[in-house]
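Protein chains: 2
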Amino acid sequence: MKNKFYAYIQNLQDQICKGLEEMDGNAKFREDIWKRPEGGGGRTRLIESGSVFEKAGVNISAVHGKLPDSMQSLFNVGEADFFACGLSLVIHPKSPMVPTVHANWRYFEMYDDKSNVINSWFGGGQDLTPYYLFEEDAIHFHQTCKKACDIHSDVIEKNLYEKYKKQCDAYFWNAHRNEARGIGGLFFDYCKESETVKMDDWYNFVTEVGSSFLEAYLPIVEKRKNLTYTDQQKTWQEIRRGRYVEFNLVHDKGTLFGLKTNGRIESILMSLPPKVQWVYDHHPDTGSEEEKLIKILENPINWIAD
Amino acid sequence: MKNKFYAYIQNLQDQICKGLEEMDGNAKFREDIWKRPEGGGGRTRLIESGSVFEKAGVNISAVHGKLPDSMQSLFNVGEADFFACGLSLVIHPKSPMVPTVHANWRYFEMYDDKSNVINSWFGGGQDLTPYYLFEEDAIHFHQTCKKACDIHSDVIEKNLYEKYKKQCDAYFWNAHRNEARGIGGLFFDYCKESETVKMDDWYNFVTEVGSSFLEAYLPIVEKRKNLTYTDQQKTWQEIRRGRYVEFNLVHDKGTLFGLKTNGRIESILMSLPPKVQWVYDHHPDTGSEEEKLIKILENPINWIAD
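In order, the protein sequence lines correspond to chains W and D.
In this text, residue positions in the first sequence follow our numbering: the first is 1, and each later residue adds one.
In this text, residue positions in the second sequence follow our numbering: the first is 1, and each later residue adds one.
It should be emphasised that the hints constitute simulated quantities derived from the structure, not laboratory data.
Since we're looking at a predicted model, the values are computed, not measured.
Positions of the beta carbon are idealized from the N, C-alpha and C atoms, including for glycine.
Partial chain D-side listing against chain W, Cβ under 10 Å, derived:
no.: 1; residue: G57
no.: 2; residue: A175
no.: 3; residue: G242
no.: 4; residue: V245
no.: 5; residue: G258
no.: 6; residue: N262
no.: 7; residue: G263
no.: 8; residue: E266
no.: 9; residue: S267
no.: 10; residue: V276
no.: 11; residue: Y280
no.: 12; residue: D281
The list that follows gives simulated cross-link-like pairs (lysine to aspartate or glutamate, DMTMM-like), each with its CA atoms no further than 20 Å apart:
no.: 13; chain 1: W; residue 1: K94; chain 2: D; residue 2: E238
no.: 14; chain 1: W; residue 1: K260; chain 2: D; residue 2: E179
no.: 15; chain 1: D; residue 1: K260; chain 2: W; residue 2: E298
no.: 16; chain 1: D; residue 1: K275; chain 2: W; residue 2: E48
no.: 17; chain 1: W; residue 1: K234; chain 2: D; residue 2: E48
no.: 18; chain 1: W; residue 1: K35; chain 2: D; residue 2: D281
no.: 19; chain 1: D; residue 1: K275; chain 2: W; residue 2: D231
no.: 20; chain 1: D; residue 1: K275; chain 2: W; residue 2: D281
no.: 21; chain 1: W; residue 1: K295; chain 2: D; residue 2: E266
no.: 22; chain 1: D; residue 1: K234; chain 2: W; residue 2: E238
no.: 23; chain 1: D; residue 1: K275; chain 2: W; residue 2: E238
no.: 24; chain 1: W; residue 1: K260; chain 2: D; residue 2: E298
no.: 25; chain 1: D; residue 1: K35; chain 2: W; residue 2: D281
no.: 26; chain 1: D; residue 1: K234; chain 2: W; residue 2: E48
no.: 27; chain 1: W; residue 1: K260; chain 2: D; residue 2: D281
no.: 28; chain 1: W; residue 1: K275; chain 2: D; residue 2: E48
no.: 29; chain 1: W; residue 1: K275; chain 2: D; residue 2: D281
no.: 30; chain 1: D; residue 1: K28; chain 2: W; residue 2: D281
no.: 31; chain 1: W; residue 1: K234; chain 2: D; residue 2: E238
no.: 32; chain 1: D; residue 1: K295; chain 2: W; residue 2: E266
no.: 33; chain 1: W; residue 1: K275; chain 2: D; residue 2: E238
no.: 34; chain 1: D; residue 1: K260; chain 2: W; residue 2: D281
no.: 35; chain 1: D; residue 1: K94; chain 2: W; residue 2: E238
no.: 36; chain 1: D; residue 1: K260; chain 2: W; residue 2: E179
All chains should be modelled from the sequences, with the hints used to inform the complete structure.
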């Protein structure tokens, strides 16, 4: 399974980078290959200062070795060997009319002292962070998420989309601001084998979601990338990016875990936006588009009618 | 003591704001008075887009009530009433040639159910974060810190400056970057009464430090504020401000504590710089001024010969 999934994400990284390069029309991904001293490594790909994408990172990694202390306590286990691989991406467009997007799909294995797999699971998801809310974009993103879920809900569980949509809203909650990071998407973790669901079923689901990513995101970029915007709207984007930084550094378990376990800092913090502002006690004008966004973030809604 | 110290910091806020306004020559502090629903409140003062200071916050607060759960576990005590007051400031100058500075001086009391003070202590410090290193500025800042310490080291403890300088380097350590936030200063906490040191001795020390702040900082601003700088140097400042954000949101106990205990978010996050950049895997050129700074941050040095 680990080889199959790692081959999948290597290929997916190529596809996603190709799709983003074509959409940008100008920028090309640069690549950094890195090694993890304790075992494994990764392939970081990055665009900075593109025509459409101000900063876009699409990373894969596959790491293995002794489970670090911090992961032992996280998983509530003793010493063990592990393997983990995944694809992580964060895309910060230049235009405030185009939403930021984040996605991650990952697979984890733990071994006993005879190298038998004693536990394995998938995790991941994708979520959208607009600066201006075009409702049809939010609906399109969620519909694409739902379509990928629906294909597998007979095999895995009814209402897969509804469950993972709710988990996404719960996870990307910027608690100290009392608002969501964005308008959500999917979030799932610890997707393990059960009596009725095989690891291959999970593989089929997770790869379905991964493979639907470009379909979920690119049409939105295409629709919004040529809209004009003002300096004030760009400033609003940079202020909202500050909330993105706050979520990632204060609440995001993945980021904090990476920072505290000697992860590759530059690959982890690639998620941070290129230019950010903090303005004291900023509030959008009553009735403005900016206020409309905030209201949705404070009370996440269902984008797809039941 | 609480009234005496709160009166002191009210007055100190006025003095510091006056000194900064005179130095800026243009900007005036705006003021926000706020109330804490559970008891107490504060007076936030702020400059944005000044001629010299791009963002400067000088806050005082005095809060009281039931010790929140999180503070009970922090202090390892049960239910109790508390009082806390302090002055906090963070100043982000426009020019990359002028260092950022942070300071905080605070006093804490806890009470038994008959309102007797069962525990009280002072804490605080100040530290400097340059973007370009002028050694004479670092030495001036530390010398002013040392002078304030030396006046009270006979009464309190020998080598007060050396002790608090070391604690400052340890506290403002940006662990995931393996570098200091800045070139340090003083950091002290849990300064309590003992057989030989009275609370009045601590009061005299802490107020000595507080009152030396403008003397420590303003001459540096005066010396550097009119130096010319390039766009590239401004970009370097904004990248380094990113490290400031990382420290405050990932490691700073005070910030995290505030965010997780329903503190006044806008006053807490006033410490964040106005404009910030994250550039992937940025490294200064070999032999550059930027590299010289990094080397000092990676290996904090003593600025005052023994």
